[in-house]
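Chemist: Going down the list, the protein sequences come from chains W and B.
Quick note, this note's numbering runs 10 ahead of the 1-based positions in the first sequence.
Quick note, this note's numbering runs 10 ahead of the 1-based positions in the second sequence.
Hints listed in this document are in silico derivations from the structure and should not be mistaken for laboratory results.
Watch out, some of these pointers could steer you wrong.
If several chains are the same, the list does not tell them apart, and a pair holds so long as it fits within one copy or across any two.
Stated by the list, open to error - Using 25 angstroms as the maximum straight-line C-alpha spacing, the simulated DSS-like pairs for lysine-lysine come out as follows: (1) LYS233 <-> LYS362; (2) LYS24 <-> LYS365; (3) LYS233 <-> LYS24; (4) LYS205 <-> LYS98; (5) LYS84 <-> LYS205; (6) LYS205 <-> LYS24; (7) LYS174 <-> LYS98; (8) LYS46 <-> LYS84; (9) LYS205 <-> LYS416; (10) LYS372 <-> LYS46.
Residues per chain, in single letters:
2 protein chains.
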Amino acid sequence: MKNEFNINIPETEKPRVIIVGGGFAGVNLVRKLKGKNVQVVLFDRYNYHTFQPLLYQVSTAGLEPDSVAGPLRKIIESIPDFHFRMIKVLGVDTKNNKLHTLVGDIEFDFLAIATGARMNYFGNEEIMKNAMPMKQLPHALDLRSYLFQQLEQATLKSNPDEVKQLLTFIVVGGGPTGVELAGALAELKRHVLPKDYPTLDLAQMRIILVEGMNSLLPQMSAKAGKITHKYLSKMGVDIRLGQLINNYDGNYVTFKDGHTLQAQTVIWAAGVKGNPLEGLPVESIYKGRIVTNEYNQVFKSDNEYFNNIFALGDVAMIRTKDLPEGYPMLAPVAIQQGRHAARNIVNAISNKNLKPFRYVNKGALATVGRNKAIGDLPGNIFIAGFVGWVIWLFVHLMYLIGFRNKLVVFTNWVWNYFSYDRGIRLIVRPYVKQNDPLTKELAEEYLEK
Amino acid sequence: MKNEFNINIPETEKPRVIIVGGGFAGVNLVRKLKGKNVQVVLFDRYNYHTFQPLLYQVSTAGLEPDSVAGPLRKIIESIPDFHFRMIKVLGVDTKNNKLHTLVGDIEFDFLAIATGARMNYFGNEEIMKNAMPMKQLPHALDLRSYLFQQLEQATLKSNPDEVKQLLTFIVVGGGPTGVELAGALAELKRHVLPKDYPTLDLAQMRIILVEGMNSLLPQMSAKAGKITHKYLSKMGVDIRLGQLINNYDGNYVTFKDGHTLQAQTVIWAAGVKGNPLEGLPVESIYKGRIVTNEYNQVFKSDNEYFNNIFALGDVAMIRTKDLPEGYPMLAPVAIQQGRHAARNIVNAISNKNLKPFRYVNKGALATVGRNKAIGDLPGNIFIAGFVGWVIWLFVHLMYLIGFRNKLVVFTNWVWNYFSYDRGIRLIVRPYVKQNDPLTKELAEEYLEK
Numbered sequence: 011m012k013n014e015f016n017i018n019i020p021e022t023e024k025p026r027v028i029i030v031g032g033g034f035a036g037v038n039l040v041r042k043l044k045g046k047n048v049q050v051v052l053f054d055r056y057n058y059h060t061f062q063p064l065l066y067q068v069s070t071a072g073l074e075p076d077s078v079a080g081p082l083r084k085i086i087e088s089i090p091d092f093h094f095r096m097i098k099v100l101g102v103d104t105k106n107n108k109l110h111t112l113v114g115d116i117e118f119d120f121l122a123i124a125t126g127a128r129m130n131y132f133g134n135e136e137i138m139k140n141a142m143p144m145k146q147l148p149h150a151l152d153l154r155s156y157l158f159q160q161l162e163q164a165t166l167k168s169n170p171d172e173v174k175q176l177l178t179f180i181v182v183g184g185g186p187t188g189v190e191l192a193g194a195l196a197e198l199k200r201h202v203l204p205k206d207y208p209t210l211d212l213a214q215m216r217i218i219l220v221e222g223m224n225s226l227l228p229q230m231s232a233k234a235g236k237i238t239h240k241y242l243s244k245m246g247v248d249i250r251l252g253q254l255i256n257n258y259d260g261n262y263v264t265f266k267d268g269h270t271l272q273a274q275t276v277i278w279a280a281g282v283k284g285n286p287l288e289g290l291p292v293e294s295i296y297k298g299r300i301v302t303n304e305y306n307q308v309f310k311s312d313n314e315y316f317n318n319i320f321a322l323g324d325v326a327m328i329r330t331k332d333l334p335e336g337y338p339m340l341a342p343v344a345i346q347q348g349r350h351a352a353r354n355i356v357n358a359i360s361n362k363n364l365k366p367f368r369y370v371n372k373g374a375l376a377t378v379g380r381n382k383a384i385g386d387l388p389g390n391i392f393i394a395g396f397v398g399w400v401i402w403l404f405v406h407l408m409y410l411i412g413f414r415n416k417l418v419v420f421t422n423w424v425w426n427y428f429s430y431d432r433g434i435r436l437i438v439r440p441y442v443k444q445n446d447p448l449t450k451e452l453a454e455e456y457l458e459k
Numbered sequence: 011m012k013n014e015f016n017i018n019i020p021e022t023e024k025p026r027v028i029i030v031g032g033g034f035a036g037v038n039l040v041r042k043l044k045g046k047n048v049q050v051v052l053f054d055r056y057n058y059h060t061f062q063p064l065l066y067q068v069s070t071a072g073l074e075p076d077s078v079a080g081p082l083r084k085i086i087e088s089i090p091d092f093h094f095r096m097i098k099v100l101g102v103d104t105k106n107n108k109l110h111t112l113v114g115d116i117e118f119d120f121l122a123i124a125t126g127a128r129m130n131y132f133g134n135e136e137i138m139k140n141a142m143p144m145k146q147l148p149h150a151l152d153l154r155s156y157l158f159q160q161l162e163q164a165t166l167k168s169n170p171d172e173v174k175q176l177l178t179f180i181v182v183g184g185g186p187t188g189v190e191l192a193g194a195l196a197e198l199k200r201h202v203l204p205k206d207y208p209t210l211d212l213a214q215m216r217i218i219l220v221e222g223m224n225s226l227l228p229q230m231s232a233k234a235g236k237i238t239h240k241y242l243s244k245m246g247v248d249i250r251l252g253q254l255i256n257n258y259d260g261n262y263v264t265f266k267d268g269h270t271l272q273a274q275t276v277i278w279a280a281g282v283k284g285n286p287l288e289g290l291p292v293e294s295i296y297k298g299r300i301v302t303n304e305y306n307q308v309f310k311s312d313n314e315y316f317n318n319i320f321a322l323g324d325v326a327m328i329r330t331k332d333l334p335e336g337y338p339m340l341a342p343v344a345i346q347q348g349r350h351a352a353r354n355i356v357n358a359i360s361n362k363n364l365k366p367f368r369y370v371n372k373g374a375l376a377t378v379g380r381n382k383a384i385g386d387l388p389g390n391i392f393i394a395g396f397v398g399w400v401i402w403l404f405v406h407l408m409y410l411i412g413f414r415n416k417l418v419v420f421t422n423w424v425w426n427y428f429s430y431d432r433g434i435r436l437i438v439r440p441y442v443k444q445n446d447p448l449t450k451e452l453a454e455e456y457l458e459k
């Protein structure tokens, strides 16, 4: 079967730039290559770009999944000799400048690896199997389904202990994703669920935010962590700092100190790791990420770097004396690296010197709910509350891909704000959790033709 | 496990009205029972109401799935003693006025069966297995995924015959669903795909509409069928009238006259059948629907009807001398019956006479694309073109449930109209078709945690 397929990219005189991954780095690189004399081939296993910072709003019924994703073909639309292929990339052959894919090989003149990150379960298979990730659109949809499945199941229980177990939501990780998700769950509990489930004892519903460090948002300023803590506590989130999780078997979370907590839903937002391509030299990988020089060229051996292979975004780590652990795995870094790499690739083609990448930190923002956000802006400026929230909204709308998405997200936000509603509390496809026979029965019912 | 569950509906003095099914009939019945002195329990296997007339726009990337569905709990929100349970109903015990559900039995004073319709494959299991249905939200999403999977796969084929097979879309059934879907596919082919797939030979893409009768929209006026035929032909739809399909094995459609057609995608819009509840007397069922008198009370035996069991909407057939085959299975009939049944149930409680149901035909509308719709209005008025299209838009927005949905759908329509775009061409969850290894591999890739 496989050999009937063909990558079908025309051979031209122009240098071929292959980009693996349509995330923030890949998409920004593609855009900046527009109008340059190159052939561009973009590979991704999805046919869309995901705006990951808003996935948590999909999970909590605030936004439609299709609003935070944009078709990748739209980005290359009408650019001559720009190609997209939705196909799995298996690895790279650095000696022959070839990429292996599920349907065959393709040669490149330049390669940009922008394969991003994946969930990090720190090697624990049981957690991987039983906890719910928050990285891709289907994950966000699964969580939305499961959240409302738990609520529907709870209405069918008379034993308060069982209700409590169904309605315990543990969010692991006090970074932006965990904090924003916990806040959104707390708002759902406060504004939406009492109307939807008047007979349910929502006092049994617990949102527990677990963080291993001793403050929330440990990557941001101490003040940001403190104010976030105050906001979330007030909203009813049970915050547990300095707590590490050893295991989750689907029913019980076991903490490092030995105590356990019963919960049906554990959301894993405790960290990500690089998702490098196969075929690179072992020495290119450090802590799961691809080591590069400050031109984003991939480390080869000793002091050598590949001239024509770049790594960008979360998967990449610029590792220099001043920067031994690279830049943080953040969307703004990926965006800036994507844009920067376009210039460097063009320079390389015309034998000009490459320019080193310098991350311009424009600050960090996180929101925990309506009128509540915190931000560390450049120049040690700290913002919080309503002002921060408006800036957060504005920045997220601005970076959202595509005008249609901006429009629909804005419409939903206005609606959510004034109605205190979350209109999208639908279980479109039930999430099937192991050892949960009712969800399985439900799912089979749904799949009926 | 099962016996730990409990339906948990409080016992009150008020008469209990149980409604099975949250479609057009069920939802309108619930709404009209608001403020009456009854306890209402609504059962559905989904937690949302689906606006089925717009599903085809979900399949063709014009609308977000969450825009054509509304949470059922929203409808009963804040009405005291109105309850929703998302649980499978197994059957009815008419002797003891009890309903069997997956988690136990519940007694009723009044029962309204509004379980709607399901796809009718006319007993052909192979068609059921291989063709794609268009009835529920997950079906519409599967079709959207598969449509774009086929296009993506086609870019990986160099053999024109294989491309042709991938890009052949056969819509079976020339009723409103088939006509609207074929039109939307034709618009996609014309306005969106050439930009997205510049290197693909879209001349190979065929949209074939098959109808067993000798005209399209056979339930509407002859003029409507003719103009629709003209519209669709002009848009490039290959219409085949008077053709019946015997089988579809996943690769080849076999027609009754023996000829075959190769196609990867066959969409089954050839008809629906009633979806009655188990436990009713055999004599209550006629042609798959539940026979009722003109008060919507279910037929028991001879000339007897159940006093307190009603059937409404698609699943029901009012069968009288003047109306031997009942009203057609249409949304407006269901809406009117739901509203009407509320009045009759209230009358029955207060021992007043019931009122016979009379369907007020407000006309029928169908659209085939931008500025193009046809309608048979009351008083033999026929409309077509732009005027019909504006009326179609207006009527569909009006009947769409929930203000948020109206707002988002309107926003998307305005966007689609002026941009000629369909922004939602995402393969969020790949559709796995049997004997199609690449889709399976894709799906596994997507499900990665």
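Chemist: So, against the hints stated earlier in the document, which numbers end up violated here?
Modeler: 1, 3 and 10
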